[in-house]
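Participant: Sequence:
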Amino acid sequence: MDGEVVQVRSRRGELKVKAKVTEQVAPGLVFMSFHWIETPTNVLTLSEFDPISGTAEYKACAVAISRL
1 MDGEVVQVRS RRGELKVKAK VTEQVAPGLV FMSFHWIETP TNVLTLSEFD PISGTAEYKA
61 CAVAISRL
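Read in the UniProt record's numbering, the sequence shown has 42 at position 42, and its numbers run on one by one without any break.
In case anyone wonders, no lab produced these hints; they're calculated from the structure.
Don't be surprised by glycine CBs; every beta carbon is placed ideally from N, CA and C.
Any given hint might turn out to be false.
Label-pair restraints from in silico Cβ distances [claimed, not checked]:
id: 1; residue 1: E48; residue 2: G3; range: 16 to 24 Å
id: 2; residue 1: Q24; residue 2: E4; range: 14 to 22 Å
id: 3; residue 1: P27; residue 2: G54; range: 14 to 22 Å
id: 4; residue 1: V6; residue 2: S53; range: 27 to 35 Å
id: 5; residue 1: E48; residue 2: D2; range: 19 to 27 Å
id: 6; residue 1: N42; residue 2: K18; range: 15 to 23 Å
Calculated cross-link-like contacts (lysine-lysine; reagent style DSSO-like; alpha-carbon spacing at most 27 Å) [what the hints assert, rightly or not]:
id: 7; residue 1: K59; residue 2: K16
id: 8; residue 1: K59; residue 2: K18
id: 9; residue 1: K59; residue 2: K20
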């Protein structure tokens, strides 16, 4: 899967991105940058806010990854 284009899908949206498999991320977890317009990661995230801080929940959500 390393180097392949994969589909990353959540209940909110989906993206096609190039996968990079690394030991820096624990098995069962996914890390995606959300700083670049080329990869609009936030289309996958929840549109919820922390009730105390008001911070958007842009850093965690469940996803499924599929080979294309």
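Participant: Under the criterion that the straight-line Cα-Cα distance not exceed 27 Å, is the pair K59, K18 satisfied?
Facilitator: holds (19 Å)
Participant: Could you see if the CB distance from V6 to S53 stays within 27 to 35 Å?
Facilitator: 33 Å Cβ-Cβ, so the 27 to 35 Å window holds.
Participant: Under the criterion that the straight-line Cα-Cα distance not exceed 27 Å, is the pair K59, K16 satisfied?
Facilitator: holds (18 Å)
Participant: Mind checking the hinted window 15 to 23 Å against the Cβ distance between N42 and K18?
Facilitator: holds (18 Å)
Participant: Within 27 Å, alpha carbon to alpha carbon, are K59 and K20?
Facilitator: Holds: K59 and K20 sit about 19 Å apart, inside 27 Å.
Participant: Take the C-beta atom of E48 and the C-beta atom of D2, compute their distance, and say whether it sits inside 19 to 27 Å.
Facilitator: Violated - the Cβ-Cβ distance for E48 and D2, about 32 Å, lies outside 19 to 27 Å.
Participant: Against the range 16 to 24 Å, how does the distance between the Cβ atoms of E48 and G3 compare: consistent or not?
Facilitator: violated (33 Å)
Participant: 14 to 22 Å was suggested as the range; check whether the CB atoms of P27 and G54 agree with it.
Facilitator: For P27 and G54 the Cβ distance comes to about 33 Å; the hint is violated.
Participant: Can you let me know if the beta-carbon spacing of Q24 and E4 is within 14 to 22 Å?
Facilitator: Given range 14 to 22 Å: holds, Cβ gap about 18 Å.
Violated hints, in rising order: 1, 3 and 5; the structure is consistent with all others.
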